[in-house]
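S.K.: Position chains V and F against the provided structure of chain G, taking the given hints into account.
So you can see what is in the structure, the chains are spelled out below.
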Amino acid sequence: MRPFDYVEPRSVDEAVALLSRGGERTRLLAGGTDLIPRLRRRQWRIDRLIGLRRIDGLRDLTLEDGVLAIGAGVTLEELAASTTVSDVCPLLAEAARLMASPQVRALATIGGNLCHASPAADLAPPLLCLNATLRAIGPSGGRDIPIGEFFTGPGRSALRDGELLVQVRVPAVEGRGVYLKFSPRRAMDLAVVGVACFRSHGVATVAVGAAAPTPLRVPASPDEAAARCSPIDDLRASAEYRREMVRVLTRRALEIVP
Amino acid sequence: MRHSIAMTVNGRRTVLDVEPHRTLLEVLRDRLDLLGTREGCGVGECGACTVLLNGRAVVSCLVLAVSADGAEITTIEGLAKEGRLDPIRTGAIQCGFCTPGMIMAAKGASVLEGNLCRCTGYAKIHEAIAQSASPPAGRETTSA
Amino acid sequence: MTLIGQRIPKLDAADKATGRSRYIQDLRLPGLLEARVLRSTVPHGRIVSVDVSRAREAPGVFAVLASQDIPPKRYGYAKDTTALKGDRVRRIGDEIAAVAAVDADAAAEALDLIRFEIEPLPAVFDPERTLDPGAPLVHEDRGSNLVRTHDYAHGRVEEGFARAAHVVEGTFRLPAQAHGCLGPAGAVAEWDARGRLTLHDPTQIPFLIQRDLADTLGIPPSDLRIIQPTIAGGFGARLDLYPHEIISALLARAAGRPVRLAMDREEDFATDPVRPRTVVRMRTAAAADGALLAREADVIVDCGAYVSWGAVTPIVMMHTMGSFYRVPHVKYRARTVYTNTAPTGAFRGFGNPEITFAIESQMDELAARIGIDPVEMRLRNANQPGEVTPQGSRITSCGMKECLEAVRERMPPPGTRPPGGRPLLRAAGENLVASATQTETESPSSPAICPAGRIEGTEPARSPLRRGIGVAAVFHVGGGARIYRSDGCGAMVKIDDFGKATVVVGATDIGQGMETVAAQMAAEELGVPLEAVRIAPADTDVRPWDVGVHASRTTFIAGNAVRAAAKDAKRQIEAARTALGLPPDTPYDKVVRSEHFRDQGSLVIGRAYFDPPNAMVDAENKGNVSAAYVFGAHAAEVEVDVETGQVRVLRVVAAHDVGRAINPMYVEGQIEGGVMQGIGYALLEEVILREGGMSNPNFLDYRMPGPQDMPSIETVIVETNDPSGPFGAKGIGEPPLVPVAAAIANAVANATGVRLRELPMTPERVWRALRAWADVEAPGEICGKE
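Chains as they are written, first to last, in my numbering: chain G, 1 to 258; chain V, 1001 to 1144; chain F, 2001 to 2786.
Excised from the complex, chain G in its bound form (with noise of 0.2 Å):
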């Protein structure tokens, strides 16, 4: 890795100051798990870090007024483990679970996991069936931004300069729901395809992860959703067979939550 700065602000007012001022080679450490490899492959070059984990508030998880307020820096162990979380939306500690391994679980964060914006990111399938807002707090205030709007591209997202995502809201809503991420491996895996599904009052929401430069809601149905995706060839699968894997997994998870 090559040198940078390090700085620890108290408050996000304070990070989004020293985001702000920082440009494009200063960035936020949240857990680290995509971060520092990038740094270590000289992906990335940095002239500052702005570490996040003495900021209060943003290990928050809270429930109030029928909404789940998680933290952006709570972690993907946290979110696995939490009671709270697996009472009200299941679907999601259910996808924190399958993600790496406990030993990066107790360190990646929910914050980290959609910032990076990866088409394959395991919790925004789950949060896409959610209806989840996302907090953003900037140099001219905070906003929500509803979870279909966040992804713009394959590491990109609505983010502003200087924008921090602060907290992830998702609304209780009663039913049921599941995560099918499909990987060769069991753990340590990236989703090949992952298909969350999500159903209330007898409505099916269904999103998908891997099969198109964003995560992406997509058709309650198995052959409408294989027809909106956008799946890409790469050395994990074919275009060809992420397609038909949609299908397959839109199928089953329907069948899973009925």
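Fair warning: there could be bad hints in the mix.
Reference excerpt, derived from the structure (chain F facing chain G, CB under 10 Å, subset only) [what the hints assert, rightly or not]:
no.: 1; residue: T2644
no.: 2; residue: S2695
no.: 3; residue: N2696
These are computed hints drawn from the structure, not numbers from a lab.
Note that the structure is a prediction, hence the values are computed from the model and not measured.
Using N, Cα and C, we set each Cβ at its ideal position, and we do this for glycine too.
M.R.: The following block gives chains V and F in isolation, referenced to the frame of chain G:
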């Protein structure tokens, strides 16, 4: 610019100046000579560098040392003092490179998922962990 | 006998479990520099210029070398490369220049300052196209990409096919498999003032490296000392002289300081001497009663850009072709070819998993045609004790039948009753099933290579899951393998003043447990407790000659040497007792001290050299290369999701004839580990090439099975007590990997009716194969659509 950090490493309070781009793994190995924590991949995909950070198993290659300021760290050398060495009796060790990470994961992770072993096929590792989960009374311990 | 057959923990287990073992990355020396290598990013090109001047000026840099700075000494089997490339690069990853600096970061920064220009040339990557007319030449001076052809024949193969009732034919494609040793490769070199080099090197062949490296460096071999640190996995990856070993020595000489060249994971993958991509075109003929009549194969092996062990794998394939089952007519041709990819090497099994995949797939295809049980088919053709195969292999002990029966008993084919009344453990007899242990993995859910998209709990009306069982057997060398004129190993046993024994043996412990097994044998022979035996350090200045740890030879060869040396020491003790007039029960320490404290006394050092009674192959490629052969059989039960193509291995039974299990715990360890690597080969692992470079050089995308990916493995140890093995033992290092892929492919065919002839059987490959057959609704039909 170097940062002064204070950690408790294997029960010993440790203060040192580190550069921000050094990982906890590098600092443990290169500054503190705790060589039982090993680098198998450097990017969190093999588990050989697993240590306990505030009691939880983490891959130390993905932790910046500066962000471990104030933390309590346990490495295999810290655990070895306790004499919990079940892999020895079960044949769970072949080349041994993964072994400290396995032991640390068994101690501080909910499930063994993130540790690769290329020698054993895992059967005897699972067996060793099962044995250490229910230590028989008066069991032999080995101090190395 | 007390120590033979005991489940004794490895001598170094406590050090390994407490993190005290020292691997190459852990070595600390005063003034030690760290090195990095500049590598080619193009697969083939002419090196126009390399300018290292700015790198030499960089802070912390002690030495920078490019090809003009080193002796232009070619090395390797075909003498077709130099450690740093001068005129041409021939693959992505080729070494262009190297830097030694105060730390790895400084070295990496200096690499960025090296200016170089490479003019790209056309390249060839596909071993099946590299012999095409007009294909780019990897080595222009050789005029062809053909490295070597291996031919073998016995009988008259056309006659066999003409008489056949059934003939099956197919093309099998095997991927490059990486070793994935958990500790990446590396070496540390230090020169003393007299020009003597000490190389700390986790190699499998210290005594061969000593000669080859000294030759490359232009020093006498006696001026090179190899010290092996604890070795973080071998499996064949450390079986040759590699550029990093030469470069570390050259940098250390240039810098005047010790130098470590340790690779990171990506570099380890990118330079790994992988199991070669192999294409096997095979046909096999059988009579109506199932007797094999003829077998013919045409094989292409990718040797990569330079010749290493990968190019030698056809020799092992040839022995399997000529000796596995009783086949009267065999013909075999293999061609090894250059491509612009990483040099391929040795990997556990060494060609045998590749050829066995084809042979054992076709055994099932034939059994299906004939309509007999696959195990019966194999029993009908099994090798027998006392047989001399047409290829020349003298089968001494042979537990093939016992292994096949053992797996059938434990995993009967679906719809058949287990053979009644036969006890699992026979009390005595020449061929004895000694132990059968079931090791259940402690997975939180059922064991698998897991389909995460699998529906747990909610079974849909039409289940997409099909189950099947497959069997495959293995034939391998187990009593050395004479591929050099020497197949020997030396051993010495020194009895000290305190009655303890130091075993000095040439063989190398790569984690398999050689040192423990050697100690067990020495203690047994000397009649002392295990604690009274220690193993001398792995240092060529101390240890006697050994060819290296390969070919599953160590227990057999080194074991015989150690046992004989211990016998010799014991004989000297007895002679001393007599000469000194001591009573016959005088303890060792008193005897030795009496020798040391008298006039004209003597040391008690037993010594022995064991070179087995085997032979190199003759001009027709025939000969008894090994002093003993080993056999085994595996059965695998799989579940195939026919909608996703995901194969999940539910259970494996692995029976192996090991002659005699000196340490059953580590025999099981070899079997379980081999099965794991075999499952990886069968289902998950593949070096994916882009422009000839590895595009998945990390543990995320090069998927080795993880702790939750293994099925339960039931190991069965069959003991046949080989007459020439130490205490009856034969080798077990490689065989457990060999039949795994074939057993799984046979199980997939059994489950779905579709045969996969290409590995790994990834979900997408299986899905495509299944889709090629429209109807997937016929579960359990044996090879119905072949």
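S.K.: All the hints need checking, so say for each whether the structure fits it.
M.R.: Here's how the hints hold up against the structure:
A hinted interface residue such as T2644/F counts as satisfied when its beta carbon comes closer than 10 Å to some beta carbon of chain G; here the least separation is about 6 Å, so the hint holds. Hint status for S2695/F relative to chain G: holds, with the closest Cβ pair at about 6 Å, below 10 Å. Interface restraint check for N2696/F: the shortest CB-CB distance to chain G comes to about 6 Å, inside 10 Å, so the restraint holds.
Of the numbered hints given earlier, the model fails none.
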